[in-house]
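Dock chains B, C and D against the given chain A, drawing on the hints supplied.
Now for the letters of each chain:
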Amino acid sequence: MRLQHYLGGLENLGPVNFFEKKVFMAEWEKRIFGIHTVMMAESVHLDKSLPKYPLSEVPTTFKDTWTWASLRIGAESMQPFEYFKYRYYEKWLMGISQFFIDRGYVTAKELETLTEHYRAHPDSPLPEQPNPVLKEQVVRYLHHGDSGLRAPMDEVRFAVGDTVYVADPEAADHTRLPGFLRNKKGTVTEVYPGAFEYFVSTGPDGLDGPQHVYCVSFLASDIWGPDKSEPNTVIYADLFEDYLKPVHSM
Amino acid sequence: MRLQHYLGGLENLGPVNFFEKKVFMAEWEKRIFGIHTVMMAESVHLDKSLPKYPLSEVPTTFKDTWTWASLRIGAESMQPFEYFKYRYYEKWLMGISQFFIDRGYVTAKELETLTEHYRAHPDSPLPEQPNPVLKEQVVRYLHHGDSGLRAPMDEVRFAVGDTVYVADPEAADHTRLPGFLRNKKGTVTEVYPGAFEYFVSTGPDGLDGPQHVYCVSFLASDIWGPDKSEPNTVIYADLFEDYLKPVHSM
Amino acid sequence: MSSLFEYDKDREAASAAKVRALEALLIKKGVLGSDSVDAVLRHFETVAGPFNGARIVARAWVDAEYKARLLEDTPKAIAELQFQGMTGAEGEHMKAVANSVTVHNLIICTLCSCYPWPVLGLPPYWYKDPVFRSRGVREPRAVLREFGVTIPEDKEVKVWDSSAQIRWFVIPERPAHSEHLNEEQLAALVTPEAMMGVALVPSPPPV
Amino acid sequence: MSSLFEYDKDREAASAAKVRALEALLIKKGVLGSDSVDAVLRHFETVAGPFNGARIVARAWVDAEYKARLLEDTPKAIAELQFQGMTGAEGEHMKAVANSVTVHNLIICTLCSCYPWPVLGLPPYWYKDPVFRSRGVREPRAVLREFGVTIPEDKEVKVWDSSAQIRWFVIPERPAHSEHLNEEQLAALVTPEAMMGVALVPSPPPV
Chain A
1 MRLQHYLGGL ENLGPVNFFE KKVFMAEWEK RIFGIHTVMM AESVHLDKSL
51 PKYPLSEVPT TFKDTWTWAS LRIGAESMQP FEYFKYRYYE KWLMGISQFF
101 IDRGYVTAKE LETLTEHYRA HPDSPLPEQP NPVLKEQVVR YLHHGDSGLR
151 APMDEVRFAV GDTVYVADPE AADHTRLPGF LRNKKGTVTE VYPGAFEYFV
201 STGPDGLDGP QHVYCVSFLA SDIWGPDKSE PNTVIYADLF EDYLKPVHSM
Chain B
251 MRLQHYLGGL ENLGPVNFFE KKVFMAEWEK RIFGIHTVMM AESVHLDKSL
301 PKYPLSEVPT TFKDTWTWAS LRIGAESMQP FEYFKYRYYE KWLMGISQFF
351 IDRGYVTAKE LETLTEHYRA HPDSPLPEQP NPVLKEQVVR YLHHGDSGLR
401 APMDEVRFAV GDTVYVADPE AADHTRLPGF LRNKKGTVTE VYPGAFEYFV
451 STGPDGLDGP QHVYCVSFLA SDIWGPDKSE PNTVIYADLF EDYLKPVHSM
Chain C
501 MSSLFEYDKD REAASAAKVR ALEALLIKKG VLGSDSVDAV LRHFETVAGP
551 FNGARIVARA WVDAEYKARL LEDTPKAIAE LQFQGMTGAE GEHMKAVANS
601 VTVHNLIICT LCSCYPWPVL GLPPYWYKDP VFRSRGVREP RAVLREFGVT
651 IPEDKEVKVW DSSAQIRWFV IPERPAHSEH LNEEQLAALV TPEAMMGVAL
701 VPSPPPV
Chain D
708 MSSLFEYDKD REAASAAKVR ALEALLIKKG VLGSDSVDAV LRHFETVAGP
758 FNGARIVARA WVDAEYKARL LEDTPKAIAE LQFQGMTGAE GEHMKAVANS
808 VTVHNLIICT LCSCYPWPVL GLPPYWYKDP VFRSRGVREP RAVLREFGVT
858 IPEDKEVKVW DSSAQIRWFV IPERPAHSEH LNEEQLAALV TPEAMMGVAL
908 VPSPPPV
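Chains as they are written, first to last, in our numbering: chain A, 1 to 250; chain B, 251 to 500; chain C, 501 to 707; chain D, 708 to 914.
Bound conformation, chain A alone (with noise of 0.2 Å):
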């Protein structure tokens, strides 16, 4: 497990710095947000999920899967300390360029000669290139979406009012379960309707093909303890069911 993972619960930060209600901080971070939008709206999973998009029409020479999954990767298996030194945005940047030069689309040293370039004169213009048929599949992409959808598994494993314990599975680069609800006792409030398919596996963390979701209650007393938790307050969060345990495996 990362310090990333474990991020709900630290004390002692200080406050949360309410007053910045910017969703960019810098004009050059749209550009980057913009980017991995795009590869979302062309990543070739977009033929599997739904709705299921004619991306073979769409000319990109994008031929890769990019989900949210891709991005969390590069943040959360960077190196835990490194990880605050950078603002939201530079993770972003940091990860999406390596992606580009790992996977050769641009080379380490293109990228630098013209980050140079750009350095020396930032207001040289991008190259007038248009994509019409792609602009519509992004426009698509953003008004329909990518859900991972499926039709429900023969076994649901649990049911509403359930009690579980949340599993602690080995997880190196990425998962979508948080450390602080890692072996702790919750019930169960909700089973969602359908499977969910997460389109990338974790590997040892358990996510691989389908899944029930499950909405899960927590007592916050039972996190923190009773001492150290407010009082009358319930974390709900969404775990998939593999990140669960009946209550009679303990």
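FYI, nobody ran anything at the bench for these hints, they're computed from the structure.
Beta carbons: idealized from backbone N, C-alpha and C, even for Gly.
Be aware that one or more of the hints could be misleading.
[As the list claims (entries may be wrong)] Derived SDA-like pairs: lysine to any residue, alpha-carbon spacing no greater than 20 Å straight-line: (1) Lys52(A) to Thr65(A); (2) Lys313(B) to Lys736(D); (3) Lys862(D) to Pro909(D); (4) Lys22(A) to Asp508(C); (5) Lys576(C) to Val191(A); (6) Lys478(B) to Glu170(A).
[Stated by the list, open to error] Computed footprint of chain A on chain C; a stretch qualifies when at least three of its residues, placed anywhere within it, have a C-beta under 8 Å from a C-beta of chain A: (7) 579–588; (8) 631–643.
[Claimed, not checked] Partner residues are not named here, just some residues of chain A that face chain B (Cβ under 8 Å, in silico): (9) Arg2; (10) Leu13; (11) Phe81.
Coordinates of chains B, C and D only, in the frame set by chain A:
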């Protein structure tokens, strides 16, 4: 508790940077190390530590207590995520500068203005004002140190071989109790002769006035669990008496 | 305070040059069109944003049956309003939770920054910051107090941590003394913060 | 690897200017003399340093009775050698621990960077780095392997975490095939890393 008190045991941090054997990464770091050490050598508490230094004969305008605790408080009370953004001596420079501003020795404005001057003229010299008597005290301090050793207290609460539990006192800004040992079970392996004064109160954390210090051993498997610890490994820590509870108190 | 997120000019200029170089290269290589990124940004100015959430909340305030349907089947009730793109990216599976005299709700994503884009747009920096993500689940009442919202001890606090498909948003309580406002005027009172559960909707100034 | 600690020139220049301004102001205000900081630095070139530890270790290797006294009462045995400043700053309460065929020792300070200055001088950057401080107590054997030292499972590993007065140092095992070396030659083999417990002392090259 702050993250920096819980460093011991964090997982998935990647390799130790063993190849960086330098003590100072930049020349400027030597200067802040030196300033800190001179402050320790002219701290007003030195007429109470061993040996008792004739501090009143040393011509200095420094009239405060400055011990390791003073420096540690600066780093430990940082916002935890900020802690990881700065290199070791950067944190010293931040803490020590702030101390001199807070205590009125220099103003923020003076420091800022002169910093700009040296930024523009890095080779501009320091003022030439030697202080041979202070220099002598610095050399004396470095040779003879600064011990908080006191006569033993009447009651020594634990004996070699005793099983003890480690307390978990509130600790916001400064503690000498590593987080990973809190609430763990250990065995006293040595009772150090005499009592020790820490010179600085740690408030609700508990250090205040002289107390006995014990060497306590912990099986790695008792700390990290049998599945997540290396075999045949024992951790020894020196713990102040206030951090220990007898086994029957649990 | 905002200095926590403000870095020096050199660092920003380096990032700006790098992202521009990346976008230029991706255009040249055919991964992006030069109009692709702008299409994304335009979407969050015109289609997806807190203006949608505010209108949904206002409708729920003036129509109790609509509110019941919204809580029962959020996507279906939102579809009634015929906004565009309401099941689009990051809104595929949304769920509304309602504040009341007995319950206060707060949304959070401790692992990343999940957020219901179609109804709230993109999240502010503090929502993505590790400080909120750490504290929001451990001491939500203390965090709310910093935002000026004091929740009495006998009122339950529910924190919703997104870690799978669902993106939650909060229907705040309708403020007192707002009987004279119409639906559009009510919508104008609803802030993104209120729909995240870190703020209440204040009463309108007396007429 | 060392890039983890290497920052850009601007950042270093800003720190350098700030520390110089601070030192200049403190000199002007009479807190420091212009010769004070240099006196500190000179101490670590001439008086306190790993050259002392190496000579203590070599003596322990050639004289078993000295080694026994060193382990029994470290300050008293060090005093026999009549080095300067051996009970000085950060050496007021030192303790030697010995490696053997059954035990390997490692020193660490998880809370800060405590280190026995008189015998080892000042610690290297990695010792002060949070990564070593985190991992050294949890997986000392894995950390040692990265440094090229494999400790067999049946050999006990003892980790000494400084959190009060004692500053530990390690007497490494005398290397094989070193019978022909005299005390001074042996001292030349002893590295600071060996006295911290992250390295072994290699055998000298065959004559």
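Status of the hints after comparison with the structure:
1. A distance of roughly 15 Å separates the Cα atoms of Lys52(A) and Thr65(A); the hinted pair therefore holds under the 20 Å criterion.
2. Taken as a hint, the Lys313(B) and Lys736(D) pair is honoured in the structure, with Cα atoms around 12 Å apart against an allowance of 20 Å.
3. Restraint check: the Cα-Cα separation between Lys862(D) and Pro909(D) comes to about 19 Å, which is no more than 20 Å; the hinted pair holds.
4. In summary, the hint linking Lys22(A) to Asp508(C) is supported, as the alpha carbons are separated by about 17 Å, within the 20 Å threshold.
5. Proximity of Lys576(C) to Val191(A) is assessed by CA-CA distance (about 18 Å); at most 20 Å being required, the pair is judged to hold.
6. With a CA separation close to 11 Å, the supplied pair Lys478(B) and Glu170(A) stays within the 20 Å bound.
7. Proximity of the region 579–588 of chain C to chain A, defined as three or more residues with a beta carbon under 8 Å from a beta carbon of that chain, is established by the 4 residues found.
8. Only residues whose C-beta sits within less than 8 Å of a C-beta in chain A count toward coverage, and the region 631–643 of chain C has 13 of them, enough to reach three; the restraint holds.
9. Annotation: Arg2(A) was flagged as interfacial toward chain B, and the flag holds, the nearest CB pair being 5 Å apart, inside 8 Å.
10. Among the interface hints, the one on Leu13(A) holds; its C-beta lies about 6 Å from the nearest C-beta in chain B, closer than the 8 Å criterion.
11. Interface restraint check for Phe81(A): the shortest CB-CB distance to chain B comes to about 4 Å, inside 8 Å, so the restraint holds.
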